[in-house]
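Chains as they are written, first to last, in the working numbering: chain E, 1 to 565; chain F, 1001 to 1565.
Derived from the structure by calculation, the hints contain no laboratory data.
Please note that a few of the clues may not be correct.
[Unchecked claim] Okay, the calculated bits of chain F under chain E, using three or more residues with CB under 8 angstroms as the criterion:
#1 1252-1259
#2 1555-1562
[Said to hold, decoys possible] With a straight-line cut-off of 27 angstroms between C-alpha atoms, the simulated DSS-like cross-links for lysine-lysine are:
#3 E:563 x F:1350
#4 F:1234 x E:5
#5 E:5 x E:41
#6 E:41 x E:432
#7 F:1350 x E:556
#8 F:1350 x E:5
#9 F:1271 x F:1147
#10 E:268 x E:210
#11 F:1005 x E:562
#12 E:5 x E:194
#13 E:562 x F:1041
#14 F:1556 x E:5
[As the list claims (entries may be wrong)] Facing chain F, according to a computed beta carbon distance under 7 angstroms, are these residues of chain E, among others:
#15 36
#16 39
#17 46
#18 48
#19 49
#20 112
#21 173
#22 288
#23 294
#24 454
#25 482
#26 513
Just so we're clear, the structure is a prediction, and the values are computed from it rather than from any experiment.
Positions of the beta carbon are idealized from the N, C-alpha and C atoms, including for glycine.
There are 2 protein chains.
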Amino acid sequence: MDTIKLADYLFARLRQLGVNSVFGVPGDYNLRLLDFVEPAKLSWVGNCNELNAAYSADGYARINGLSALVTTFGVGELSALNGIAGAYAERSPVIHIVGTPPRLAQSTRALMHHTFADGEYRRFAAMSTHITAAQTEITDAASAPDKIDWILQQALIHSRPVYLEIPDDMPDALVSAANLTKTVAVPTVPSTGKEPQIMSQILERMYTAKRPLILVDGESVALGVVDQLDTLIKNTGWPTWSTVYSKGLVNEQLPNVYGVYEAAFGDKPAKAYFESADLILTFGPHYSDTNSYFFTTIPTPAAAITFKDSSIQIGTDPICRDVSGKDLLLQLLQKLDSTRIPKATDAPPKVVTTLDGIKSSDPIAQDNFFRLVNPIFQEGDIILTETGTASHGGRNFLLPPKARVFGAVTWLSIGFMLPATLGAALAKREQKTPGNVTLIIGDGSLQMTAQEISTMIRQKLNILIIIINNDGYTIERVIHGRNQSYNDVAFWRHTQALSYFGADEDHVAKSTFTARTCGELQDALQKVQGGTGVRLVEAHMAREDVQGALLYLLNKQLAQEKKEE
Amino acid sequence: MDTIKLADYLFARLRQLGVNSVFGVPGDYNLRLLDFVEPAKLSWVGNCNELNAAYSADGYARINGLSALVTTFGVGELSALNGIAGAYAERSPVIHIVGTPPRLAQSTRALMHHTFADGEYRRFAAMSTHITAAQTEITDAASAPDKIDWILQQALIHSRPVYLEIPDDMPDALVSAANLTKTVAVPTVPSTGKEPQIMSQILERMYTAKRPLILVDGESVALGVVDQLDTLIKNTGWPTWSTVYSKGLVNEQLPNVYGVYEAAFGDKPAKAYFESADLILTFGPHYSDTNSYFFTTIPTPAAAITFKDSSIQIGTDPICRDVSGKDLLLQLLQKLDSTRIPKATDAPPKVVTTLDGIKSSDPIAQDNFFRLVNPIFQEGDIILTETGTASHGGRNFLLPPKARVFGAVTWLSIGFMLPATLGAALAKREQKTPGNVTLIIGDGSLQMTAQEISTMIRQKLNILIIIINNDGYTIERVIHGRNQSYNDVAFWRHTQALSYFGADEDHVAKSTFTARTCGELQDALQKVQGGTGVRLVEAHMAREDVQGALLYLLNKQLAQEKKEE
């Protein structure tokens, strides 16, 4: 039997699946495992803490398709849980590898550190069952390769995080290398025989539609149909909207692509068209309150045909399960007779934002900030907009082709976006595709995970960080507690960040800017745009300056305050 | 019926139990609850993130006896879990209050943000069951007061964290105020009738002991016997040792108190006495590997009489359960005939460390650093030594009376100690007792939670931070991976911390020092000692400079490397 060391096996598998970097923090029970990372030609990214590492791994997976995170038993893994949960909520496949105490310690219930000193070793694994798609504990050499393959496959099938325990005495255990000749792949969904009937129903609906549209939601990534959707959108020419979650998955430069559908919070003609549509082809739906503007952007069931991972629903018919939404779309593209596709004759006009009315001396405000930032984006950019005003404003960017935007979808854990930027930037560098990486983040969120700027610097990544400094948790102020001190944060000198976190002094001087007016912002952006290394622009804005849905919340609160007077 | 709003009830209860500050981070589902914090005359400590908040609450509880932490559902609470787990492991009673979505959202399984958008609301509460002593979910006004009282009582009984869910629509629900006339208290353990027999056995053993000693371990705090132990130690005059966990609980200025017992890693005469003892009165034992020098400091069962919360064991007799270790000690102190207490005639000599042999020009090293720092400590000080070389060195401080030391006991989550310092310093300020607060922390640990320095500054706390800058995770290097790059950390400019984190520029200039030699360290300590605000001294040391048990580990690894050559 050809054998290989367990850790070599695991890391070879990760490499086969396109993982090139591993995130995490060393700890007593994972050091022997970490010995195998660099020899496997994987790059080790030592994060400042485990939550940041999990966030980074999530960001990496969203660009790369898969990622790996290594933590240590107890103290390490528990710090990462919120990041893993976010990856679950938003379907990011992260392999969470936990280095656990040696099998002898576990089987003898030894009172080791990183436990509760009560001999119980299973409680932390039990916690992770609630936030991962699958879990496995490596216990012996014989079953290890299959267990590893299975857990990796689960991550790919569900596009969600999984949990893998490796005892500290096992990284160099010899296991069979036999599996390695075949790669781990997602199994195909077997045909149910129902597909031809489904297909003719869909085609019939499409050929007879009067007011059709396409709604691309974010689970289309997990569905694996992003390229196919591009074809569908081009072939039909139908009006197409995104959600917060899917922003950037479709090419906004196409004339029929409108950006994020915002119902009552957006363009009125768009709303009128959407609400009177008789066909809404919906892909990868994800109907959380925040991804659906309080459930107002969800298509009328009668009009919708909804494609999911392993089901489809046509109108109000019963859900048809165990069919692959992806396979159906592939068939649809083959079968579609382009001569029979109706035109969407009364499609709404496309709204284009401009820099009109912005004066250099104007103070920076939500209303001008995003318009001023938009022109710096180029084809292939990754733009990460943290939960809060950054994400809300980022919804209205008009994106160049192949640009991706990450915003506040469902999990909304502030602090996520900065380490996620690190992960995404690393994945992008490995892919060697053109485009820049920009993070837009509020001052409150920044404080959660700021230390990861040092890892960006250490990894020599090219990242532009724009800090919206509006003196606290503005997103919370508009929800509740407009004047409450609990929505304040500590005062930081943001312009000192790069220096504190270890950038070269020369680089700091030419890469840090602070701006209060639109002119200052434009100057700063010009200087940092497309540059190298980590660059930082601090943009000052007013505490309660918000737009759109956030303005609606603020006004509701102001009205309530007036009533209470 | 006298009524009170739910949140007012909860916070009134916390105030009755001596909680004066509440830690946490605002989030969508706790804002309405936070409205009640300051009106209840509780001080709100907004931390930079939830893990830091949990660590802070733990530190506060260790000084104050109880603490409260408020997080938001999902994203907030999960970030705090590692801190809550640490509080469980080391018996710190933290009330973890989670603001959950409104009851309507939960009962209708609405796809709200901070969930997995699948209608399931119970998974996060399920996770906390593994790391808290008790859990309760407030669901209705009628049962709320009793549920709150019960959960608070559980925290006090077990001296461990508990989990309390308050839906976002309930803070202003009216509940009965009737319970408030009685305070929440720990119930007494009913007598089993076995106590007189136990007591005579103990007294007999004490009166006939030839080589008696007292071992005070850290769960003595939860046992509630710290003052009684002081009496016992004085009345017997018997040699007394601490553990890492209990360091500072007994007055090290007494001639019969020796500090931490380190078995083979410490003083040889101490080991000889300990191992030949015929009576070891043991209080609040906690025998993790790290708190017992790899299980070598655990008393011989035949010699030990072990006092726990609700059991006692005399020698190798069966454990006697359902008796209160505290009540037994109280009775013992009353019954003990001081004329019959044997002297410990062959007690070992007490080792006193001095500054002998240290020259100003010497580079700072583990061997001189702790000796140079020791003289700054005063009566009532709190000294927090982070896991790593800081905690190992801190074990050998000779403490002034009433000084407390916190070190690496069992949970050993690096990053804990900095926010814990914030919490401990706040509790100390509220107690208005004399003494200073000093944190000693390595550069690797510091990076985990550094942003909380800004909260220390914002709270105007008086804290001295001494950073051991030895270029990475030295503790991990000595365990495994001496030359591995995964034990490196990013380069930071530590002397810029106070400025970046918002301290007044004037203050920064006179409160930040960096030292490479013993003379520089002494100068810096002199300047910052007993000062106000947050002060910072960076002490450079060599990467592999370690002592004691850590040196043993390093040498083991060096020997292994030699073998492999």
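Mind listing which of the numbered hints don't hold for this structure, in increasing order? As far as the earlier hints go, 1, 2, 3, 4, 7, 8, 9, 12, 15, 16, 21, 23, 25 and 26 are violated by this structure, in ascending order.
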